[in-house]
Amino acid sequence: MMLKMKTTADDCCCGSMVVVSGLSVAKKYRRAYLRKIRRKEYRKLKAVVPSVAHKEKVSKVTVIEEAIKYIDELHDALADRLNIQQNSNESTKQLDLADLVKSFLASSLPDRRLPVVLQRRHTYEKPLQQPMASRGWTMDDKVPKARS
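When we follow the numbering used here, the leftmost residue of the sequence shown carries the number -8, and every step to the right adds one.
Just so you know, the hints here were simulated from the structure itself, not pulled from any lab data.
One should not assume that every hint holds.
To be verified - Quick list of simulated restraints, FRET-style, between CB atoms: (1) R22 / L73: 23 to 29 Å; (2) H66 / H45: 20 to 26 Å; (3) I55 / R21: 21 to 27 Å; (4) A70 / S42: 37 to 43 Å; (5) K46 / I75: 49 to 55 Å.
Here a beta-carbon is modelled for each residue, glycine too, at the ideal position from N, C-alpha and C.
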């Protein structure tokens, strides 16, 4: 299916300007689509930020500035909450850390009181494979000669 475009008096007779004007129309629709998406995303951001959510007209710069302030406040609140938890559990954490170090040292260093049998390390060796065994050949088979 072929679409014909109407040309205006400004267009050239050769038709190349018709293609260019078609591209400019596509650019125009693309810009409008991106503008619509950008507005939608600003509205979403404005709805999330409490300080500007109730206001009717707010500039984009104000929305972004208030969003940054809100994120900083949330970050500070989270840091305060973590500090409170850390201070209340500090003694418990120190005991847990000491127990962890003791258990690590006990497991990594051999105890001299254990019998020698328990301290012996077992080594497992992988059986050697013949190179041609994976292809179904054995060492008794004749290797085919290379073609010359």
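Which numbered hints does this structure break?
-> Structure breaks hints 1, 4 and 5.
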